[in-house]
Structure formats: structure tokens, C-alpha cells
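Chemist: One-letter residues, chain by chain:
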Amino acid sequence: MSLENPFQDPLRFERRVPECAMVIFGANGDLTKRKLLPALYRLAYERRLDAGFAVLGISRTAMSDDEFREKMLASVKEFLEDSPFDADLWAAFAQGIFYMSGNFDDAALYPALDARLKEIEAARHTGGNVLFYLSAQPSQYIPIAQGLAKGSVGKGGSGWRRIVIEKPFGHDLASAQTLSTELHSAFEESEVYRIDHYLGKETVQNILALRFGNGIFEPLWNRRYVNHVQITAAESIGVEGRGSYYQEAGALRDMIQNHLSQVMATIAMEPSATFRPDSVRDERSKLLRSIRVMKPDEVLQNTVSGQYGPAHIGGEDVPGFRQEQGVKPDAQTDTYAAVTFFVDNWRWAGVPFYLRSGKRLPKRVSEIAVQFNSAPLAIFNGDETITAPNLMILRIQPEEGISLKFLSKRPGSGMTLRPVSMDFNYGSSFGERSPSAYETLLLDAIIGDATLYTRQDMVEASWKVVDAVQHVWDDTKFEFPNYAAGTWGPKAADEMLARRGHVWRQP
Amino acid sequence: MATASGTIAPDKILSDMADLWVTLGKQGDGDAGVLRACSMTLIVAAEESDDPQAIGETLAALMPEHPSRAIVIRFRAGDQRSLEARVFSQCWMPFGQRRQICCEQIEITASDASLPDLPPVVLPLTVPDLPVILWCRSPRLFHLPAFSELAAIAQKVVLDSAAFGDAAAALGDMSGTVASGRSIADLSWTRLTRWRELIAQIFENRAQLAKLPMVSDILIAYRAASTPATAFYLAAWLIDGLEKIGAHARVEFRSDTGEQSGRLSLVQLSAEGSLDAIASIALADGPAAEVKTGGLVSKALLPALTDCTLMREELAIPGRDPSFERALAAAARLALS
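Line order of the protein sequences matches chains A and B.
Position 454, counted from 1, in the first sequence is what the working numbering calls 454; the numbers after and before it change by one each time, with no gaps.
Position 83, counted from 1, in the second sequence is what the working numbering calls 1083; the numbers after and before it change by one each time, with no gaps.
Errors might be hidden in some of the hints.
Label pairs and their calculated CB-CB ranges [to be verified]:
1. E1084/B <-> S374/A: 45 to 53 angstroms
2. M415/A <-> K1012/B: 49 to 57 angstroms
3. R505/A <-> A1018/B: 52 to 60 angstroms
4. A115/A <-> A1207/B: 15 to 23 angstroms
5. A388/A <-> E1084/B: 54 to 62 angstroms
6. M422/A <-> K1012/B: 24 to 32 angstroms
7. S1261/B <-> S139/A: 54 to 62 angstroms
8. R1250/B <-> A209/A: 27 to 35 angstroms
9. E218/A <-> R1320/B: 28 to 36 angstroms
10. R1250/B <-> E218/A: 26 to 34 angstroms
11. K150/A <-> S1261/B: 56 to 64 angstroms
The list that follows gives simulated cross-link-like pairs (lysine to any residue, SDA-like), each with its CA atoms no further than 20 angstroms apart [stated by the list, open to error]:
12. K1292/B <-> K295/A
13. K1292/B <-> P18/A
14. K1292/B <-> L89/A
Derived by calculation from the structure, the hints in this document are not laboratory data.
Here a beta-carbon is modelled for each residue, glycine too, at the ideal position from N, C-alpha and C.
Go ahead and model the full structure; you've got the sequences and the hints to work with.
Modeler: As C-alpha cells, this is what we get:
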């Protein structure tokens, strides 16, 4: 019988964290510098990692361990948020940071990696547990998976092996399936962690708490009471030097296929029987499979593709997408996408789910607005607000929180109603700093909790829905640009909602 | 703000609080107004000599995370029955928000003699349907005969055995209180959370966990002339954990020289006849502790904790804490043996 740690105290301690080494492919890239190392340092700061926790960075650039440590030190100092930097702590943490250079296509890299991991395991007591993190270009995913599959490095002996990959998980259904097949040549599906950092955000997790931890909301959470749902992910910035990548992706693939579909699945899924990873993911997956796949002749009625044009904002000239560096002057890329989805199940039949995402919109905001049906009878005559519907707003960023809007009597002798808002703000209601999405998700992967990670059947289900739209868009020549930078997107998006008597909420 | 003298009418205080919210609402910025937040009633029992500014600052720092109706009762020695009260608010503006968030605070000044009069005053002032926590900042008050009636209003009474002087007697008293069915918390135990978590984390490593049954000696050092309650708690908790896996260890307490901060300075788990400890955590000057385990040396931050940090943790646990209660009973036996 295996020995259990007798010192755990779940009431006061955070979750148990096993010993492990983390291998980062693409360790010289932006993600490692901006997100991964600051998140790992922060976890060490919070005493959340094993004393022997090790990071092995790999990229093509030749560097010594010390040079890599110096680089990571500068990154942590620059990108660490909400935490002081402690030199002593870093010095100890940095002892566990290692580096090796190599080309991911080179078969010789993987035996060398295996040998290096064995050295690290001996020195740091990482117990043979290895978390591979693919922070490399998506085109490198398959060569890395193939490299890990060939030798012994991808196979755990006494410990476990897990792999974390960043989106995009393919660029359509077929490529997602190919990627999955390659990953499965080295890893079981249960060992593959497809990261979607939206799911790591506190508010997205709080959707589960709100829906399934309270008794009052769930009875209203269906077609009888919900009129429609709007999910918005707006960015005020443009493509920021990623023009050449972005023109191959677009908003539909870049945001709606993954982040927004996952958020929608979390909002609309059935309650899971338990809070175990596969129970929750089964329900998310079932919901994604229930989204109606549009027929080609339905696509242009229920979707809007947009691309921003130049504008003058705040005294500054802002280029249009086609004027961005690396973008073709006749690019047909969607920098804005809005879709109307319907969920074909008993709970949601007939309720529109409007999803939109775009670049160069007026502000950076991500939120979910659940609009409830208005009161069935207007008994308070003479007030224009009497039909204002109840709204529940779940803000994902910035200022994570929840607001409920309802009508209240204005003080005074008359019976005049006014909308009021009841707000719950994460930052103010719980003064504790919220962990970043990467802290949450990295810790989950080390612990082996895949609840907030995307499974292959979920990826395929959302690609099926998105591919149906993308194929029609690919065959359509749009009159781009069709919205000016700094506006809420094309007029056609308003018209899409107007056809059902709805309007976009202005976040 | 309202003041009553000699006696207190709870209805008057509640009415003053209602007026306070009207005033705050009028002071708000246009439609933004103020947001009232409350997750519990926090009663603070303090001596009149206790620094009011320090209490106020601690409560202000607690409010964003544990928005509460705070009832601060300041006691002064005296045979004459006298009670006074005033109400005011603690507000803060969350970053990036237009709306202020406010909590209510009631301050009561009472003589020792009027302690029996307090429960009927305090009870109607507690917020319905939410937990009531009593933080007793003075051992003298805890020992007053009528204190138990005030304590009965609360689901949990928070004490700090470090203020009691004699750790063994304090642990004995508290253990007796828990045995009588009352829920209490001790900030000396709360001070140990980071140490305990670090020890638990060390043994999440399977190689280290395999060595745990070999532990035969526990050394706990502290910067104090006599053994503090934290040392007894830690020893009791370690012994209990080791016994769960069939290991039995001897405990040695050691008083370190130097600044007598009362803090722990070392915990070391060793095996019989082995030169190297299986695990040790040593705190030198500053907040960084040196953690030695399996030949590895790492650092972990164990800063001295303020009342606010300790209370923040305790307020997050409004119910009973079985680990604490088990450790308290064992620590009391150890201290009194």
C-alpha cells in the first residue's frame, strides 16, 4: 500500500503539488518570457512548487544555463504582476532552471533531452515526472510530438508524462485530427493538456460556482426564462506586428473556435454529476456537440465577417488591417466575427447565442450577458424603462466580476422604475490577488487536473461548427474594410441581431 | 455619527446606521452611489488601552476581503455600569471603479461591570443569516466570568495564546473551552500555517515521503525564553502526523539566543543515527527560510505575520477546524506534561 502524506490540511493548505520537471519547447519565445516564467516564479513565491521543481528550456539559440537564467531573471522582473521580487527566492528557484539548444526537427535532440532529464531527475528528485510545454510555433507541434514518440523521452517510467499545447489546435477539423493523431502517437489523450487561457480566468471558473453552487440561478437557466445570450471578446488593439500570422487565422478561428466556444459551453452545459475533470469536460463536450451546424445557405444570415479600415482615433491615425505590416493589400481576413449559434437540446432550443470578437473595437472587454425575458405584463404605465429586461453580466476582463441588472422603484411618491445594478467585483469583494490564468492552468497540469483544459472531442466539435461557417466565408468575396477602427464592428452585425428583435449590448 | 451615554438602545444604533447609509448615498458621485458589502459580523473585544488606531487599520485592511459589520467593544476597568456607542463607516474605492464600497462599524465603550449588559445589546446588532466571529484581543477579558455569554453569540471566538504569557496554561484553558463544545481559534496556530504547509509540501515528494517513517527525532527551536504555544502546536501536529503512518518521534525544544521575537527559528526532522536531517526549515534574519531536503537547499518566504494577515485566514474559516482542535488537545497535553 502506498504511503499517504499525513501532513495535509485541505481546510488551510492549497492543493497538493507533486515533484516534477517542466520542459519548455520554445523557451526563447515571448510566451515563456511574458507568461510562463513569471507564473512559475509566482507559484514558487506562494510556496506552491516542490523544492526540487525544475525547468528545462529548449530553443534553437545557443545559450548556457546561466545565460538562460539571466534572461529569465530579466523577464520575471519585467513581467511579474502584483508581486514583489525577492532576490533570495529567485536565486534558489533559478538553481532549478536549465537550458539546452536544439532544432525540434532534429531526431538527435530527443535522446539528448532524455539524458538531460535523467541528470535533472537525479539532482532535483523530480521523480520521473515531466510536463512538456509546447510554446513553439504551431508548425513545430507535429515534429516535436514525433520526436517525443520515437525515443524513451516521451514515456514515463516511474513517473508521469504530460504535454501542454497552446492554440491553435489545427486550422480546421482535418488538421486538428491530424495533430491529435500525432500527439496520440506519444501520449494518451488523458496526458494531453490543450490550454485555453480563457478557461483559467477566475470569472470563467466562477460561472460553474455561480450556476452549480447556488440554487436560485439554475431554475432560470433555460429557454423559458433566458431570451438570448451575448458573448463578447473585444480588443482595442490591432494585430500588433502579427499581421502575417493573423491574416491566415482570422477572428473566427483565432477566438470563436476556441475561447468563445469554450465560454459558451461553460455557460450552457448541463450540471456535471461531480466536479471531476472528465465529468465537467463530458458536459462541455456534449454542449459543443449540440451546437447546430449551419447549412451553407444559413451562414450569411447568421454570421458577419468584418475587417477594420483606417481611422483617426484620439488624435492619432490608426491604420486599417490591410495597411498593417505583413498583410496583403487585398486580404480577406476577418478581424471581426459575429455568429448566431443555436443549441439543439431541450434546455436551449430556440435561444440565440450571439458570439462576437474583433480587433480595433472601442475597448478591451470580454463579457457574457445573459438577457432574461421581460416581465410578462407591464403594470407600471408611463415609464419607458418598464420593459427593460433583467440582465446578468459576467465580466471576464478587465475587472472580473458579476452584475445583475433589475428594475427598482425610484424614491418618491410616483411609481417610477429605474434600472439598478447589483455588482460583485472580484477585486473588491475578495481583496486577495487572483492568480493569473497561467498560474492556475500550470498548477492544474502539474497536479493532473484537466478540468479547465480542452479535450480532443471538444476541439473537433467546435471545429465542425466553425468549419461550416469558414467554408462559406472562404468562398465569399467580402467588401472589406467594412468597419472603421474604434467602432463596434460592421453594421451587418447589428442587423443580424435586429432580425430577431435584439441589439448588441455596449459593454 | 451618533453618541449615546450611559446606556445603549440597539434600535437607536440600527436607526443611526440606516441614517449613515442615507448620508453615504448622498455623498456618492452622481448615480454611482455606494455599495454596501457584508459577509459576517465581526465583534472585536479589546482593552481600552489597546491602540485604537491599530485596530482601526487592521479592520480597514480586512474589510475588502471580509466585508463585515464590525462591532468594536472597548473595555475599561471599573465597577460602575456604563455603555456608550457610535456608528461610522469604512469605505474604499476599488481600483478603476467609480463606486465606493462601504462597511459599517459600531464602536461600544463599556466598563467591565457592564459586560453582562452587553449580550442583549450586541445580539440585535449582528447581521441576520451571516456568521458572527468574536475576536478577543485580551486574555483578561477571556477570563472575565461574564465573557462566556458574549462568546455564546459567536460561532467562533478567535484568541491569541501568544498574549497569554504562560503558554501551557493558555493551551489548557483553550482546550477546556473546546472540550465544552465551543468553537475557538488561536492565532498562534494560524502563525504556523505557512510552516506546516511547507512541511506538507516537502513530503508530497515521493522520495521524501518514503523517508518519513524513519523520523525518530524532532527538533524545534524558537527565539523566546520559554517554549511558545506555536512550538507546542507544531510538535503536537508533527507527532500526530507521524503516528498516522506508524512512526514515533521524540521532541526536543530549544531556546535560541538573540532577538527574542517569539518566532520559531528551526524545525528539523531526523532519523536515528543519521547525520543529515531528513528535512529542515531554518529561519535566519529576514523573511526567507532555508529549506533542506534530500540534499537540496531551497528558499521559501516565511515573513512575520501581522494581525491582519492572521485574521484574514481565520475569517475565511467560520466553522470548526478539526485539525486545529486535534492539535490543541495534543499540544495542551504536551505542554502540561
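Chemist: Sort out whether K295/A lies within 20 angstroms of K1292/B, counting only the CA atoms.
Modeler: The hint is violated at about 64 angstroms.
Chemist: Could you check the hint for me, namely that A388/A and E1084/B are 54 to 62 angstroms apart, CB to CB?
Modeler: 47 angstroms, violated
Chemist: Are K1292/B and L89/A close enough, with their CA atoms no more than 20 angstroms apart?
Modeler: 14 angstroms, holds
Chemist: Given the hint of 45 to 53 angstroms, is the C-beta distance from E1084/B to S374/A inside that range or not?
Modeler: For S374/A against E1084/B, whose Cβ atoms are near 52 angstroms apart, the range 45 to 53 angstroms holds.
Chemist: Can you tell me whether the CB distance of R1250/B to A209/A sits inside 27 to 35 angstroms?
Modeler: Violated, at about 46 angstroms.
Chemist: A range of 49 to 57 angstroms was offered for this pair. Does it hold for the Cβ distance of M415/A and K1012/B?
Modeler: 32 angstroms, violated
Chemist: Does the hinted range 52 to 60 angstroms hold for R505/A and A1018/B at CB?
Modeler: Check failed, 35 angstroms falls outside 52 to 60 angstroms.
Chemist: If you check the beta carbons of S1261/B and S139/A, does the distance land in 54 to 62 angstroms?
Modeler: 58 angstroms, holds
Chemist: Does the Cβ distance between R1250/B and E218/A fall inside 26 to 34 angstroms?
Modeler: For E218/A against R1250/B, whose Cβ atoms are near 55 angstroms apart, the range 26 to 34 angstroms is violated.
Chemist: Indicate whether the distance between the beta carbons of A115/A and A1207/B respects the range 15 to 23 angstroms.
Modeler: 21 angstroms, holds
Chemist: What's the verdict on K1292/B and P18/A, does the C-alpha distance respect the 20 angstroms limit or exceed it?
Modeler: 17 angstroms, holds
Chemist: Between K150/A and S1261/B, is the Cβ distance one that fits in 56 to 64 angstroms?
Modeler: Holds, at about 57 angstroms.
Going through the hint list in order, the structure does not satisfy hints 2, 3, 5, 8, 10 and 12.
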